[in-house]
Amino acid sequence: MAEASGDSIKAEGLVKRFAGVPAVDDLSFSVRRGEIFGLVGPDGAGKTTTMRILAGVMSPDAGTASVAGFDVVRDPEAVKNHISYMPQRFGLYEDLTVDENIRFYADLFGVAARDREEHAARLLEAARMAEFRQRLAGNLSGGMKQKLGLACALVHHPQVLLLDEPTTGVDPVSRREFWQILYSLLAENVTIVISTAYLDEAERCTRLALLFKGRSLLCDTPERLKAQMPGATLMVVSPQPREVRERLSGAEGISNVVLVGDGVHLVVDDAPRRCAEAKQMLTAAGIPFDEIAESEPSIEDLFVAYVQGQG
Amino acid sequence: MAVQEIIAGAAAASVRVESLEKRFGRFTAVDRVSFATEPGEIFGFLGPNGAGKSTTIRILCGLLRPTAGKAVVAGFDVATQAEEVRQNIGYMSQKFSLYNTLQVVENLRFFAGMYSVPRALAEARIREAVAMAGLAGHEHDLTATLAGGWKQRLALGCSILHRPKVLFLDEPTSGVDPISRRQFWDLIHEMAGGGVTVFVSTHYMDEAEYCNRLALMNRGALVALGTPNELKRHLMKGALLLIKCEPLGTALEVLQHNPAVMEAAVFGEGLHVTVQDATAAGAWLPGYLAEHGVECMRLQPIPLSLEDVFVQLTGGRIHQGGESAS
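For the record, the sequence lines run as chains A and B.
Under our numbering, the first sequence has 201 at position 201, and the numbering climbs by one with no breaks.
Under our numbering, the second sequence has 189 at position 189, and the numbering climbs by one with no breaks.
These are calculated hints, taken from the structure and not from any lab test.
Don't take every hint at face value.
Partial pick of chain B residues on the chain A-facing surface, computed with a CB cut under 7 Å [claimed, not checked]:
1. G175
2. D177
3. R182
4. Q183
5. C211
6. V223
7. V266
8. H272
9. Q276
10. D277
C-beta: ideal position from N, C-alpha, C; glycine also.
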């Protein structure tokens, strides 16, 4: 039983093919209660397909998944009663106000009238939308629509929340607020699965699976994932990044040279050693630089290292 | 090298904006904005929804007339020479309209026609675009079958067939896998190296990191301008700490009510806490948390991110009504 082990979601060997092409290819993972679990990867990694399987709206070709203690294939209706699924295009009614949308979802999920007003007020307060309750949903910005969608998805106190790319196209301020609402749900022990194509968002999850081409490359906490980064990263700040790249590309111990806005990002095998060598090489070549220092590797660095390492 | 030929002649590329203003009725969408880009610069344009970013870009593309002020793009005035402006710029967005049912080369031919590339030059430029985009051998693939990163590079190829001096990119690599993304930005940097001015608007700070200089807009006004490093080091008030502690919820509540804490928020398994002085906070915070029954396992200063800069310079204010639905 999933509940007994503390796992709220358990997926084993999930496979889903479209016209013979696997969108999800032997995917296994489990999510404990009260986690924010990320399905992180680029477009086409299988994020949406996985979400749909977990939500009980699509059956896998192979493998099993249980969500909130119910099997998604044998008992999809029970799954649907215990979860909330926010697809990429969440059904907000643009010609209804914020309040009316929430009431509509409360009715749909059969939430008792007594409970709903206070709960709705609390959700809108957390979303910093209290002053917009009478505004038509159609007149909200992208970020506010997503927050309203989340409030609607939460109106019936689901145990499990499945969010498919909720922050796509949302500006950083709204995105941060959206995450703060998610964190506040952890106190209520809600299990959250969130998908994103933005690798910097991975760091906000408590645990995540890095997906690529339907498979899970790695699955762990952000911190432990970054500890698996082979080698280290260096940042060279220079007014002549292109010259820096030219000089350092192909040098011993430097496996990756990426131009960024005001410098060059390097992946190296040994930070102190290559840092000293890079300084020497640039100085000898007369290429100016302000600074060369070890930097914190990102999940993106890990992704690139891992995919390239696999050939 | 194909890129060298593509960028030849773009050296005079530039954007110059002086006291630019755009009003819609009583609403000021762009409020006396001034900045200039240099040829070969990758210039990032950031801001929350409704900040005036899109309006500014529409003006710079010659699609919208400013109410006051001046904008010169690639040497042409947007108000009086809109047609010349449009002939000298390229535009590519995340939702770029490639025709999925056409082959790679057919898409390129279509855009060459749209941009009125002379017939005598078109085939050579298409070959160069194919080489640049790394699509050689795939000219006759159906566009629908290309992977995301490939489509992105094809879209870029389509947008430069007429040799624009200024290239506008709207979230060009969102959703693309990191390896393709890095390849794409390499191309952009190479083009900029030849003198094309690249104007990038995005909500994504990891795209912003690829830009040489960033402009941040909020409520119609320009609120910050500088290199990514300048923004991170000089514009931010306070310092950021990563705190790992138990229980997290109590710690958050306690810190949010402490006047010496500017901001406290959950981040992954820990807290991100902004304070005035990191060294001082390192001394008093663990004891303070312990008094409230919170055990502090780790406390370390961490570098501020561009997102921190963005939120600090725009946060809170966008919620005071007037937010458009753009």
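Hints, one by one, checked against the model:
{"no.": "1", "hint": "G175", "result": "holds, 4 Å"}
{"no.": "2", "hint": "D177", "result": "holds, 4 Å"}
{"no.": "3", "hint": "R182", "result": "holds, 5 Å"}
{"no.": "4", "hint": "Q183", "result": "violated, 10 Å"}
{"no.": "5", "hint": "C211", "result": "holds, 5 Å"}
{"no.": "6", "hint": "V223", "result": "violated, 13 Å"}
{"no.": "7", "hint": "V266", "result": "holds, 4 Å"}
{"no.": "8", "hint": "H272", "result": "violated, 10 Å"}
{"no.": "9", "hint": "Q276", "result": "violated, 21 Å"}
{"no.": "10", "hint": "D277", "result": "violated, 22 Å"}
The structure shown violates the earlier hints numbered 4, 6, 8, 9, 10.
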